[in-house]
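Protein chains in written order, with this note's numbering: chain A, 1 to 350; chain B, 1 to 350.
To be clear, the hints were calculated from the coordinates, so they are not data collected in a lab.
Treat identical chains as interchangeable: a pair holds within one or across any two.
Lysine-lysine pairs mimicking DSSO-like chemistry, simulated, CA-CA at most 27 Å apart: (1) LYS160 x LYS147; (2) LYS149 x LYS160; (3) LYS222 x LYS195; (4) LYS57 x LYS149; (5) LYS249 x LYS272; (6) LYS249 x LYS197; (7) LYS197 x LYS222; (8) LYS195 x LYS272; (9) LYS249 x LYS195.
Number of protein chains: 2
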Amino acid sequence: MHRTYSMRQSRAPTASQIQNPPPPVSTTKTGRFFGKTNIGHTFRRNAAGAFGPDLAKKLSQLVKMEKNVMRSMELVSRERMEVAQQLSIWGEACDDDVSDVTDKLGVLIYEIGELEDQFVDRYDQYRVTIKSIRNIEASVQPSRDRKQKITDQIAQLKYKEPNSPKIVVLEQELVRAEAESLVAEAQLSNITREKLKAAFTYQFDALREHCEKLAIIAGYGKHLLELIDDTPVTPGETRNAYDGYEASKAIIQDCEDALTNWVQQNAAVSAKLSTRARTLSQRRRNARRDPNEGVDLSHQDQPLERESGLWIPASEHQGNGYDDEEEEEDAPSTVHTETRGREEERPIAA
Amino acid sequence: MHRTYSMRQSRAPTASQIQNPPPPVSTTKTGRFFGKTNIGHTFRRNAAGAFGPDLAKKLSQLVKMEKNVMRSMELVSRERMEVAQQLSIWGEACDDDVSDVTDKLGVLIYEIGELEDQFVDRYDQYRVTIKSIRNIEASVQPSRDRKQKITDQIAQLKYKEPNSPKIVVLEQELVRAEAESLVAEAQLSNITREKLKAAFTYQFDALREHCEKLAIIAGYGKHLLELIDDTPVTPGETRNAYDGYEASKAIIQDCEDALTNWVQQNAAVSAKLSTRARTLSQRRRNARRDPNEGVDLSHQDQPLERESGLWIPASEHQGNGYDDEEEEEDAPSTVHTETRGREEERPIAA
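If we strip away everything but chain A, and leave its shape as in the complex, we get (with noise of 0.2 Å):
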């Protein structure tokens, strides 16, 4: 693993990294006059978080990035369909056993698509948990700013007229601001933790059984290419009849039955924890259990009757920048319109 403790430091390759040399480096990712990145994609994460409050800018800017991480994909999802059938295209006109068997693989590689395809939704379910955390960072910020404005105005009053009758009257506002404060800030500590680990528990169980899928489809390949035919002939020798349809239909049922029959319990693939990590964990979870076991907080989301009327939940708030439509608007669409005509100033990504 590249950056084992932090993504904040860097660090010095792995033993394993010098043990094991890598495949040379794919020849696809040469010659590229435009760099690597789709330009569309660079100008949807620049544009987010240019506007909204600061405090939810950083999430803005990844929930574009996540939109582009999808986007892409999806893109590779139907470019693998696409393969899938060109394969079986190919296979076709060769002879009957490479007929079967390129055929069978299509199906194969078809399926793996379709599962990346839904595995895209899925990972949508992730993003738009991400994107309730942004909307409540984003709704919090007005609460914020305006116990800062409240005590900046005192400051000032107390500054130019000491004795201002006004000032009593913004110190009450402040209370009262920092009572809403204190509601706003409770409920951003509380969704963002509970939103977090929902996101990522969407996404890891979707990752997990995408994966898992795909490992039993990569299996049944295998079986598949069995049936060729690899013995050589002479030149004037022919091949023995193909005689694998029944066997090759049979391997794509089991790959079928294996695929629809896949449950989160039955995951093959296991994560277990060292005694260490597993100690350490347990110790953190205690600790974090005890004070608070069995008291019901349940009610504490709800809002409080204030006067205000300033701070609204995430959930009703409509004046955060964030509207949904917004987010469908296509960006490279904007960027063709936007450069074309002075390709000199466009930027290359490196």
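Following the hints, put chain B in place on chain A, whose structure we already have.
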């Protein structure tokens, strides 16, 4: 599985698809002005197969399409790493527990990105192997063409000058051409099978390793989430101090160990064949091995001593129209140059 029996037929949805309604379609899949395809990729796919021998056209297109898949996978990988960094950047401003866990989640997701990048390199091994089938296909074409040409010449002469002495010469030439063609076709048959098997063995082995490793990461990711203190706090209440630094580090180390120690022999996901499929496959294997068992045919791929010199092995063939340099050209650039300024003519991919 959508197409259970063949890519060349379509099929009704399975019972499981009807039983388990899928999640809603991802919101990222809508609202694009230029359709869903990457225009550069469309160009590359369509241009492939427009040149070169007929026989190799379909496979040329497949090779180009695989390149599209790889470019897209590479994009996913790069964007995944960016997402990992952004997640860590966002978390840094949050409370200690969220900060530490998001940083460590970032490490895991960055690792996914790196594995995806490595997978692209290994996928290229598959693509290059498929390319070698395309090369032998392209090199067999002249041999077929020549045989056809001589046959045509003889037929023409027999019609025009039935007693021409050239007929005998041509008939001798045809015998030689047929012998050469027999060798070429046998080589095509042998190499296609050998390379097809090798190519998909590369792909499926790489896919299995990649997927199992991702599933491992997903598992450890879920352990990390346990460290987030999601007990709700009431307004004004402070959370217990975070003491999970050691635990999160230990989880990452466990994950690193699991990834480092992964070997194909211990693959967790199995693809067991049903008794029926196993019997059928076994029968097929026996049927095809029996006749030639124990006969050494390794000499048969040596070129025969020939007079014509027309047909040469694929590896030595230069004139088949597929220089490796051609692979490196960047299709999108052409598209940009070609279509700038005549927007109305640009085809919108559906």
